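Visitor: Each chain, letter by letter, is given below.
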Amino acid sequence: MRQQKKLVIDSIEFTSRLFIGTGKFASAQAMADAVLASGSELVTVALRRVDLKNPHDPMLEALDFSKYRLLPNTSGARDAEEAVRLAKLARAATKTNWVKLEVTPDPYYLLPDPVETLRAAEELVKLGFVVLPYINADPVLAKRLEDAGCATVMPLAAPIGSNRGLKTRDQVAIIIENAGVPVVVDAGLGMPSHAAEAIELGADAVLVNTAIAIAEDPVAMAEAFKLAVIAAEKAREAGPGGESRLARASSPLTGFLRENE
Amino acid sequence: MRQQKKLVIDSIEFTSRLFIGTGKFASAQAMADAVLASGSELVTVALRRVDLKNPHDPMLEALDFSKYRLLPNTSGARDAEEAVRLAKLARAATKTNWVKLEVTPDPYYLLPDPVETLRAAEELVKLGFVVLPYINADPVLAKRLEDAGCATVMPLAAPIGSNRGLKTRDQVAIIIENAGVPVVVDAGLGMPSHAAEAIELGADAVLVNTAIAIAEDPVAMAEAFKLAVIAAEKAREAGPGGESRLARASSPLTGFLRENE
Amino acid sequence: MRQQKKLVIDSIEFTSRLFIGTGKFASAQAMADAVLASGSELVTVALRRVDLKNPHDPMLEALDFSKYRLLPNTSGARDAEEAVRLAKLARAATKTNWVKLEVTPDPYYLLPDPVETLRAAEELVKLGFVVLPYINADPVLAKRLEDAGCATVMPLAAPIGSNRGLKTRDQVAIIIENAGVPVVVDAGLGMPSHAAEAIELGADAVLVNTAIAIAEDPVAMAEAFKLAVIAAEKAREAGPGGESRLARASSPLTGFLRENE
Amino acid sequence: MRQQKKLVIDSIEFTSRLFIGTGKFASAQAMADAVLASGSELVTVALRRVDLKNPHDPMLEALDFSKYRLLPNTSGARDAEEAVRLAKLARAATKTNWVKLEVTPDPYYLLPDPVETLRAAEELVKLGFVVLPYINADPVLAKRLEDAGCATVMPLAAPIGSNRGLKTRDQVAIIIENAGVPVVVDAGLGMPSHAAEAIELGADAVLVNTAIAIAEDPVAMAEAFKLAVIAAEKAREAGPGGESRLARASSPLTGFLRENE
Amino acid sequence: MEIKVNGEPRRIEPGMTIVQLLGELGLEPLHLAIEHNGDIVDETSIAGIDLKAGDTLEIIRFVGGG
Amino acid sequence: MEIKVNGEPRRIEPGMTIVQLLGELGLEPLHLAIEHNGDIVDETSIAGIDLKAGDTLEIIRFVGGG
Amino acid sequence: MEIKVNGEPRRIEPGMTIVQLLGELGLEPLHLAIEHNGDIVDETSIAGIDLKAGDTLEIIRFVGGG
Amino acid sequence: MEIKVNGEPRRIEPGMTIVQLLGELGLEPLHLAIEHNGDIVDETSIAGIDLKAGDTLEIIRFVGGG
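Residue numbers (the working numbering), protein chains in the order written: chain A, 1 to 261; chain P, 262 to 522; chain C, 523 to 783; chain B, 784 to 1044; chain U, 1045 to 1110; chain Y, 1111 to 1176; chain V, 1177 to 1242; chain W, 1243 to 1308.
Just so you know, the hints here were simulated from the structure itself, not pulled from any lab data. Be a bit skeptical, because a hint or two may be false.
[What the hints assert, rightly or not] In the EDC-like style, the derived pairs of lysine to aspartate or glutamate whose C-alpha atoms are separated by at most 20 Å in a straight line are: (1) P:K387 x V:D1215; (2) A:K53 x Y:E1134; (3) C:K527 x C:E759; (4) V:K1180 x P:E274; (5) C:K617 x U:D1083; (6) C:K610 x U:D1083; (7) W:K1294 x W:E1250; (8) P:K314 x V:E1184; (9) P:K404 x P:E438; (10) P:K404 x P:D431; (11) C:K575 x U:E1072; (12) P:K404 x P:E384; (13) W:K1246 x B:D834.
[Stated by the list, open to error] Restraint ranges, calculated between C-beta atoms of paired labels, are given here: (14) C:K527 x B:K836: 51 to 59 Å; (15) A:K126 x B:T879: 37 to 45 Å; (16) U:G1059 x C:L649: 31 to 39 Å; (17) P:G410 x U:G1059: 52 to 60 Å.
[What the hints assert, rightly or not] Just a sample of chain C residues kept apart from chain W, beta carbon distances all over 10 Å, derived: (18) L529; (19) V530; (20) K617.
Computed from a predicted model, the values in this text were never measured in an experiment. Glycine residues also receive a C-beta, built at the ideal position from the N, C-alpha and C atoms.
Whole structure, please, built from the sequences with the hints as guidance.
Guide: See the structure below:
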């Protein structure tokens, strides 16, 4: 496991290894409270047309942008051109050149397109964006995106919002082993133990949205993920003892029992 | 999942759902520091003959017994008679009538004997002990021990000290579903994500020793388990949203992209 | 893995490592056809009161008893006494002293009681029965039943009829490693790959009922399990090469590609 | 699961759903015997320079090409251009326009490059090849290759030669659900139960090489895989009954036991 | 007189034997297990047993099971 | 004259600027992305742009997303 | 006279008590479990017990364990 | 004159054809792939090709592979 004490993306250092998505919350306030409870320093956002009949924007009022770095995504893009267009709009709306690159042509599983994602990444890097691509757990694609200048790779654990956990464990382990940029496990992490497993495996961070947003108590769930990620980071830095097939006694053998027989 | 807000064993309430074993630490001080860091209120101990040539006992000095409830085990017992004898010695040495009942005839995997464990449990309950039996993940045995008056059941996740994780998940889930006493998952939990998985599944507590004791930094590992257990407890109380097979979009569909085409 | 070329129970040699349960078929004929297709030499049966208003017995006519050894079970027994009574009735009705010992007090998961099962086994062995006990995947209990004179042990893969597969893999592997009698994996094997996994792991045989009985085409499913069990037996005897973490090229490196560069 | 009775690739119908790789056998004869035993109708081959000092070719003599369709691979190619060059050489040497497209820049895990694979596939389809691409378990890439005119998709179960089994189960299930061309699970299937699992899941075929080639008895292992694949195909066509969480009794409840109490 | 057969009361002729009852019921002793007042009746002894008022009989057969 | 704003036709005063339109719509340019006939309009240049008949405007903001 | 302590033979003064022996061994009864000829000796009764030749003593303490 | 065959320099008779070279090497064209200066040589055209100094030949066959 790479011993990386600090998480640094594009020379920005993050204390928290938990990134939060802001979609699907019951209210802007619930979202803001959960984000605060998560201790996250990076939140993802999406783009949408202003509703001219109701231009009021509760999100802007709810979230204290001085506390968080925004990571706008290109959700909805089905090819590289759409992704680049969305990235430009995102930059104009959020005033950041960071972008979570999502190219997901399939509407049922919302899985990413590796070819369009690489094409868009190359273009966006040229345009000066800091690109964080959402990808399938594909070690070779991850390496190519790194070589193309992406700031991280974000392999999926399971389909977006499925809460199924780290179903791609073997492939993610290879990505981590080869990566020269931070690996952020994204999508499908449904419980704190899932997030902890990813970090224990060596992931640099995790991104969670649905599991927190649809919980009955999003604030409590956000705290839960926060603690689990810290726990896993501590554990991997504590030098785990590793597995064994046989038992290893945790108590001394109590010899006197049978000696007098 | 049973919504049990508080963990109560024999009318003693515990704030922490993490129990710690004190074996295999490099030193008594390392053990004491790790126990403190774990936030645990219950520590297990074993019995051994006093070494007459060197009667000094570092453990007594290291650990502040006002902070922790002792849970002596019957480690080394190979049948019910040996277990009962050890339990009596344990009570005399520790001044507590609580006992972690272990009957493990097999020296390689240290797995418990269900029949001897039940026999010993019935005898010890008669003798006024508060019995916490270590068992295989056997739902019917768990129920019988509960009926015999045991204060908890402690099914194993994997062989003692193996750090393999919750390999008995399906059976433990049934034990939890049926149990009328607290279920403490014991043995084999090697990383914080393993402990979190057990608590998320509905276990009332977990007992960890080897994973902490053999870590390069036991104190950090103890903190890691502490946080993971708290995280999992928060998560299950937060009302998780459950898994889905298909994706659930976490961003709004960005319709405007294609509308003007 | 123990290299056991032949499966021998109570000095009876079996060619097929697949045992079939005869319950839950749509008709006696469907059952008989499936049993024939399975190639099994051992079929389990249960006991029931004769219906005095309709004493006709289709099963007797459908199945050619010269082809199969009967293994009556004690299904329905909730303690040792009931199991022994059923075993005696079974012996009288089937004219065999073999019995599949089932003691399952829990009506929801039909899981076996380890203590009652051992008590009944000891009694039945005294009474001259050849005892094949259905048990939880408990290595120590398996050893005690072997020591009590049981002819096999039959650990469960998952709850009866659940079709969930070998959920107890780690524990079954230990049972196989320690066993001096044949290990028959029983209950919960839902697909041929599950049965193959158990045999590959080293199990001496598998017992399947529900997966075949409730399939749309029981005969085809019976053939499927037959082939899968033979496949797994062949594979483990073929000396598998074992797993590796890294890839092992299956084609020669085509060096000429870049030599002329 | 798609009910596909017959496996047809490029209008060629295959009776066997098992494809065999011919690499890494101890001898050409051992290879030929194993291929014969496997019942396979399609064997993969690689390319190599003729050794001018020893032009003798044992493989040609060992294998009866009238029995098998050859599927030459582009093993060793690190980008699309190399793959296309190898495909042309393969066509000239084997007189078939079928090609197993492999583009694997990473020498440790031999994992495929999705972008170069698609580029090469598009070019090879233009050149009149029947393209069977080896890919990571990436549902969107699989769909794009299908749209590009590939005859199949061949997602990996685990790294080539690792014998680790179907580690990509969730992703492969999605590929199968979406695919309009046959899905051949390739790489990493180490035991018959692994191959059976893939076919039961709905895969149209599996390709196996290392597990057979490095077994102590390759012929027996080939037979084992042959039977397991047939078993799994029969099972999925037999209409499996599906899993349940609770038990489903396979014996009638023996009511008389307690009626007279 | 009245006995109990498989949990149901049944009137039979005084002095009837188990074998006769089975015949009346159209049952072949082979492949059956018979419990008379809680004791298994084996094939050899069955002939000699008469039924008395209040006797309890269980007539069991095997059926499909797992 | 008529233009298209977020996909909807809209009549505006001839010579109206984007900034004026935003004002009429009650929108603060900050935190908005504006696409004028397919080109992003940045804050510096927005002031100088007049609207012409048939122009297409997209007014985008960011919202919650994952 | 000779007794056995923790499996080792040991010569002691005739009439020595368990408490005296513990003192000689430098042991504090608190936190110890003492088994005298197979029976647990509790704190209250310990004072009254004399040692006889051939007695067996087990002096046990708790240590780290899981 | 000298050409390169499978990466190795080789002296051959001026005017030798590929077919003649294969004969000299004891190779049957069938089941071989031949690349002449980077271009595949198919069976029909092979007869007409003469070798020139500095030519590069790749003679490939298929072997066991996965």
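Visitor: Does the hinted range 37 to 45 Å hold for K126 (chain A) and T879 (chain B) at CB?
Guide: The hint (37 to 45 Å, Cβ to Cβ) holds, given that K126 (chain A) and T879 (chain B) are roughly 42 Å apart.
Visitor: When you look at the beta carbon of K617 (chain C), is every beta carbon of chain W farther off than 10 Å?
Guide: Answer for K617 (chain C): holds, closest chain W Cβ roughly 55 Å.
Visitor: Does E1134 (chain Y) lie within 20 Å of K53 (chain A) when you go C-alpha to C-alpha?
Guide: holds, 12 Å
Visitor: Mind checking the hinted window 31 to 39 Å against the Cβ distance between G1059 (chain U) and L649 (chain C)?
Guide: Given about 33 Å between the Cβ atoms, the range holds.
Visitor: Please verify whether K404 (chain P) and D431 (chain P) have alpha carbons no more than 20 Å apart.
Guide: holds, 16 Å
Visitor: Taking only the CA atoms, is the gap from K387 (chain P) to D1215 (chain V) under or equal to 20 Å?
Guide: Distance of about 18 Å is within 20 Å: holds.
Visitor: Please work out if K404 (chain P) and E384 (chain P) have their alpha carbons no farther apart than 20 Å.
Guide: holds, 17 Å
Visitor: Given the hint that K527 (chain C) pairs with E759 (chain C), test it: the Cα-Cα distance must not exceed 20 Å.
Guide: holds, 8 Å
Visitor: Holds or violated: K1294 (chain W) and E1250 (chain W), Cα atoms, limit 20 Å.
Guide: At roughly 16 Å apart (the allowed maximum being 20 Å), E1250 (chain W) and K1294 (chain W) satisfy the hint.
Visitor: According to the definition I'm using, a residue is off the interface if its beta carbon is farther than 10 Å from all beta carbons of the partner; does V530 (chain C) meet that for chain W?
Guide: holds, 39 Å
Visitor: Given the hinted pair K617 (chain C) and D1083 (chain U), is their Cα-Cα distance within 20 Å?
Guide: Measuring from Cα to Cα gives roughly 17 Å; hence the hint holds.
Visitor: Hint check: K1180 (chain V) vs E274 (chain P), CA-CA at most 20 Å. Holds or violated?
Guide: violated, 43 Å
This entry does not satisfy hints 4 and 14, going by the numbered hints stated previously.
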